[in-house]
Amino acid sequence: MSENDIPGYQFIGKGYSVVPVGKHEGVALNVNTPQDMIKLMSDPVKVKETVVITPGGTTTFVAPLLYKKPAGIVTFAGTPESHLGIVGRNFRVPIVMTLTLEGLDNIPDGTPLLIDCAGKLGSVYIKDGASNGSAPGDA
Amino acid sequence: MLTEQEFLVLNSLYLKKMTSVCGLADIAGLSVGEVQPLVGRFTAQNWVMDLGDELVIQPGGMVEVESYYREVFTDPALQDGIAQWYRRFETVNTRFIKLVSDWQQSDGDAKVLDRIVSTVERLINSIGEVTHLVPRYSGYVRRFERSIAKVDRGDLDFVCTPTVDSVHNIWFELHEDALLLLGKERTE
Chain A
54 MSENDIPGYQ FIGKGYSVVP VGKHEGVALN VNTPQDMIKL MSDPVKVKET
104 VVITPGGTTT FVAPLLYKKP AGIVTFAGTP ESHLGIVGRN FRVPIVMTLT
154 LEGLDNIPDG TPLLIDCAGK LGSVYIKDGA SNGSAPGDA
Chain B
3 MLTEQEFLVL NSLYLKKMTS VCGLADIAGL SVGEVQPLVG RFTAQNWVMD
53 LGDELVIQPG GMVEVESYYR EVFTDPALQD GIAQWYRRFE TVNTRFIKLV
103 SDWQQSDGDA KVLDRIVSTV ERLINSIGEV THLVPRYSGY VRRFERSIAK
153 VDRGDLDFVC TPTVDSVHNI WFELHEDALL LLGKERTE
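Protein sequence lines, in the order shown, are assigned to chains A and B.
Whatever position you read off the first sequence (first residue = 1), add 53 for our numbering.
Whatever position you read off the second sequence (first residue = 1), add 2 for our numbering.
Hints in this document: simulated from the structure, not taken from any laboratory.
Just to be clear, a hint being listed does not mean it is correct.
[To be verified] Simulated crosslink set (DSSO-like; lysine-lysine; CA at most 27 Å straight-line): (1) A:Lys122 x A:Lys67; (2) A:Lys76 x A:Lys121; (3) A:Lys67 x B:Lys100; (4) B:Lys113 x A:Lys173; (5) A:Lys121 x B:Lys113; (6) A:Lys122 x B:Lys100; (7) B:Lys100 x A:Lys173; (8) B:Lys113 x B:Lys100; (9) A:Lys92 x A:Lys173; (10) B:Lys100 x A:Lys121; (11) B:Lys100 x B:Lys186.
[As the list claims (entries may be wrong)] Quick partial rundown of chain A residues pointing at chain B, CB under 10 Å, derived from the structure: (12) Thr86; (13) Ile91; (14) Phe114; (15) Tyr120.
Built from N, CA and C at the ideal position, the CB exists for glycine as well.
Work out the full structure, taking the sequences as your base and the hints as a guide.
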């Protein structure tokens, strides 16, 4: 267990927190294209349980998902001073932007996650036993 | 290729991402009676998905909108005029995004709000310089003026709440519109 881990969860990275909404759990889903977004959008129940993993803060196609209140959003680029940040802040959805992963290359679909948006920085954790570092879609 | 009116409606959904038929009519500056049959056709062609009370554009619809941008707005004078305008927009855009973010995190600081309003008013004036090139841009002026008037009356949802026609929403759509028109990628 590393110093950043919390009971039951393994720390996997840190980024900018958009809005301080505390800890939220969800299941990872990589959304890389508008088509991925539309597919997810048509299942409102799944959206609420999903932590959307998307490549960059400029990928504004994920913004409509905020209306359906996803469990969280994690990006690998961008800052809270962006369109996605402004909309996310308004909906008070946990968003971690420009996540720097530690010990993983990616977050596979289906990974149970915990997002902690406590202050200016947000941390992402994987539920113990769920980390495998495989490619998206393998889970 | 889309007709001008079809483009106006489908492009409004492309930029807005998700809205109702009434919302679409309002953005496009058309009546619900004009928009409803077009939406019916777009849905039948699988260009638009009807989620019940909201519409979302589909990949086929996105292709149609992007083709229209590529094929219609090719006049060099138009491209040059909008490119010059966009360079000025980029500067004010950075300031606007920062101001809105600051305002959200300041519990509604009135001084920051004043700066947001004056920034939008400056943008409204600058849009007026290019409406002869892209007449539909006057629709952004109409919407900005209406939303700023609501903010002035104390309805602060019209600053940046995504579920109403807030100045931030309108700003975002105009930005996307200009990027598509110029064939540029978003950088922020």
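Exercise for the section: Could you check the structure against the hints above and give me the numbers of any it violates, in ascending order? Expected result: Going through the list in order, the structure violates hints 5 and 9 and respects the others.
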